[in-house]
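Trainee: Under our numbering, the first residue of the sequence shown is numbered 90, with each subsequent residue one higher.
Keep in mind that the hints were calculated from the coordinates and are not lab data. Take the hints with a grain of salt, since some may be wrong.
[Unchecked claim] Derived SDA-like pairs: lysine to any residue, alpha-carbon spacing no greater than 25 Å straight-line:
hint: 1; residue 1: Lys-389; residue 2: Val-116
hint: 2; residue 1: Lys-163; residue 2: Ile-133
hint: 3; residue 1: Lys-185; residue 2: Ser-196
hint: 4; residue 1: Lys-389; residue 2: Met-293
hint: 5; residue 1: Lys-224; residue 2: Glu-240
hint: 6; residue 1: Lys-127; residue 2: Ile-112
hint: 7; residue 1: Lys-338; residue 2: Pro-319
Keep in mind the model is a prediction, meaning the values are calculated, not measured.
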Amino acid sequence: MDYIIIAQGYQVFLLIFMIAYMIHHFVFTYNRLYCEQKNYYHDIIDNEFPSVSVIVPMHNEELVARNILDRLVKLDYPKEQLEIIPINDHSNDGTKEIVDEFAQNYSNIVPFHRLDDEQKRGKAESLNDVMALCKHDIIVVFDADYLPAKEAVKSLVIGFKDPQIGAVMGRVLVHNSDVNLLTLMLDMERSGGYQVGQQARYNMDLIPQYGGTVGAYRRSVLVEMGGFDPKVLAEDTDLTFKMYLNGWKVAYANKVECYEEMPEDWITRAKQIRRWSRGHNEVMFKHLFSTLTSKYLSLKAKWDGILLLFVYIMPFMLILGIVNAIFLFFMDQISVMSSLTALVLILAINAFGNFAPFFQIAIANYLDGRNASLKLVPMFAFNFVLYIYYTGLGFFDAIGDIFTKRDVHWEKTKRSERVRNE
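All chains, please: the whole structure from these sequences, using the hints.
Mentor: Given below as structure tokens:
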């Protein structure tokens, strides 16, 4: 029967993808451990720095606004070449007052208040609106809960000496990793994504991902590409693919580190994962075909792009594969597919722990010199069930966005009270 053939074909398709992810992460880890590492542009010595606009999108950020603004006014960068633009996007707490207070004390802080009720709210809309206000072509973005080092901007913008670079991404670290088990595991997960994943992509000329914060881009390039898409929740991933599909590259600066606050409870984390999945899958639907047909991407970069686009849909595909295996069992077809079904499940367990294989997380923390954390690696298996459920919800949210053409909204991650005094 046709549906039997389709079901069997799906199991083969799923098996191929699971093997691809497995090889993908093995190669990344091997490259990071044993191959020549591609250094960012830190060896460039230049006393001429470009003029820079630093943007900080904010929505109800009174708990962290002072921290980020205090860090920015202390940056090691020529003040006459640096403008700081905090965006107050319809905040109804004390964010506006804090921003205005800093603007009164520092002449290079230019607040941008979005208060009109008719304005669409969201990070993409805010970034698009503020571009007309920016005086400079190089734009650096920090989220409000980030704590940049003094040399962060200087280290990021040096990459634009390369005319092929359209965007630059630094490394994100977790400053509240010692709060509980969740924050410690999220810190380890971040290490896997940046220390191994991003650096390996950069080493191998694949697709390092612009993360939307601790990053910079050329305003002129973004304007040429139509700005940020307000219908896409993951504006950072969207920018990554727009850059590569238009012939530009993203540079990754592993030594440009910046601290962020991570969720401290599972409910907040679950909402964050669902939002990321929703936005990422929107980008997948938008750019999958263009990635396959791009004239600017090499074959290996296309393959990396496909795997990157599919990363938040794979848990749903895995669940579908399990349901499909049960269907085949009751249709007396499991004898044909039993070995493939078992292998899919085994590969799934080994390939997806927090959307990165366990060994990738382990090696990243080894490279960071945190050997004591390695004993927690098996704990990531428990996260897998939670992540499957909420990435699945995000996938269906993305489908709903496409069919209903509804507006997407900026949902800020819950902040901790303790950051007020940090």
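Trainee: Checked against the structure, which of the hints given earlier come out wrong?
Mentor: none
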